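J.: For reference, the chains in residue letters:
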Amino acid sequence: EDKVVQSPLSLVVHEGDTVTLNCSYEVTNFRSLLWYKQEKKAPTFLFMLTSSGIEKKSGRLSSILDKKELFSILNITATQTGDSAIYLCAVGPMEYGNKLVFGAGTILRVKS
Amino acid sequence: DVKVTQSSRYLVKRTGEKVFLECVQDMDHENMFWYRQDPGLGLRLIYFSYDVKMKEKGDIPEGYSVSREKKERFSLILESASTNQTSMYLCASFSDNEQFFGPGTRLTVL
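If you read the protein sequences in the order shown, they are chains D and A.
With the first letter of the first sequence counted as 1, position 54 gets the number 54 in the working numbering; the numbers rise by one all the way through.
With the second sequence counted from 1, adding 1000 to any position gets you the working numbering.
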């Protein structure tokens, strides 16, 4: 059974802190791993990772994939209150229909 | 910009009612999905469709059915709503390795 596990489940930090969110997976025929940010609405896309060791970066957010150890991390540096959200990790197996398997999410709260 | 719209943001129904949730996308995507999202469980796939009139069960299809008569529209049907179907329902369409989500429908079944 395909599985995606995120940790921690929730996290409270202060503005300016750096956080690391973890996503591990067990998926047959891995294709890609995606990170989403969800505030009080639908998830918005952050990154898609398909290759090991190549860091994707967008402003203060970055992510990297390790296909050997089957995990990814999402880093957020110099956190701001606007980073408060649920961060979702999803893995796409090589199946017709492009199904994604989602983790439960990490709830991040950034205090001012 | 891709747009995925859902017919209602909030819905309150009674146990036993038939419920229709509509989803429309405007980008000619072939793949569309219905998820429900519950605290601590993440997004769970209910049904997906990879073409008109084609549908596949996801991880939790029990109590739900779907309809895809036109490419842009994917409907989720609760034949007889139950209280354990109270949830946030998210529709998505898929293209170029990215899923685009609708705004969600928060359904409460009393």
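The set of hints was computed from the structure by calculation and includes no laboratory data.
Since the model is a prediction, treat every value here as computed from it, not as a measurement.
There could be a bad hint or two in this list.
Stated by the list, open to error - Per the computed footprint, the stretches of chain D lying under chain A, defined by three or more beta-carbons under 8 Å from a beta-carbon of chain A, are:
hint, region
1, 35-43
2, 103-112
Claimed, not checked - Calculated lysine-lysine pairs in the DSSO-like style (CA-CA distance at most 30 Å, straight line):
hint, chain 1, residue 1, chain 2, residue 2
3, A, K1003, A, K1071
4, A, K1055, D, K111
5, D, K99, D, K68
6, A, K1071, D, K41
7, A, K1018, D, K40
8, D, K41, A, K1070
9, D, K56, A, K1003
10, A, K1055, A, K1013
11, D, K37, A, K1055
12, A, K1057, A, K1003
13, D, K41, A, K1055
14, D, K3, D, K57
15, A, K1013, D, K41
16, D, K111, D, K68
17, A, K1057, D, K40
18, A, K1071, D, K40
19, A, K1003, D, K57
Just so it is clear, CB atoms sit at the ideal spot from N, CA and C, and this is done for glycine as well.
J.: State for each hint whether it applies.
T.: Structure-based check of each hint:
1. Evaluation of the coverage hint for the region 35-43 of chain D: fulfilled, as 3 residues show C-beta separations to chain A shorter than 8 Å, against a requirement of three.
2. Under the rule that three or more residues need a Cβ within less than 8 Å of chain A, the assignment of the region 103-112 of chain D holds, with 3 such residues.
3. Pair hint A/K1003 plus A/K1071 holds up; C-alpha atoms about 14 Å apart against a cutoff of 30 Å.
4. Of the pairs offered as hints, the one joining A/K1055 and D/K111 is violated, with about 44 Å between alpha carbons and a cut-off of 30 Å exceeded.
5. Using a Cα cut-off of 30 Å, the hinted pair D/K99 and D/K68 holds, with the two alpha carbons roughly 22 Å apart.
6. For the given pair, A/K1071 sits about 25 Å from D/K41 by alpha-carbon distance, which is consistent with the 30 Å threshold.
7. At roughly 27 Å between alpha-carbon atoms, A/K1018 and D/K40 fall within 30 Å of each other, so this suggested pair holds.
8. Of the supplied pair hints, the one linking D/K41 and A/K1070 holds, its CA atoms being roughly 26 Å apart against a limit of 30 Å.
9. Restraint check for D/K56 and A/K1003: satisfied, since their Cα atoms lie roughly 25 Å apart, inside the 30 Å limit.
10. For a cut-off of 30 Å, the pair hint linking A/K1055 to A/K1013 stands: about 26 Å separates their Cα positions.
11. Under the criterion of a C-alpha separation no larger than 30 Å, the hint pairing D/K37 with A/K1055 is consistent with the structure, at around 28 Å.
12. The straight-line distance between the Cα atoms of A/K1057 and A/K1003 is roughly 24 Å, inside the 30 Å bound, and the hint therefore holds.
13. In summary, the hint linking D/K41 to A/K1055 is supported, as the alpha carbons are separated by about 26 Å, within the 30 Å threshold.
14. Taking the CA atoms of D/K3 and D/K57, the gap is about 25 Å. The hint holds against a cut of 30 Å.
15. Between A/K1013 and D/K41 the alpha-carbon distance is near 21 Å, which keeps this suggested pair within the 30 Å criterion.
16. Pair hint D/K111 plus D/K68 does not hold up; C-alpha atoms about 35 Å apart against a cutoff of 30 Å.
17. Among the hinted pairs, A/K1057 with D/K40 is consistent with the structure: their alpha-carbon atoms are about 28 Å apart, no more than 30 Å.
18. With a CA separation close to 28 Å, the supplied pair A/K1071 and D/K40 stays within the 30 Å bound.
19. As the CA atoms of A/K1003 and D/K57 are separated by approximately 25 Å, the hinted pair is consistent with the 30 Å bound.
The structure is inconsistent with the numbered hints 4, 16, although it conforms to all the rest.
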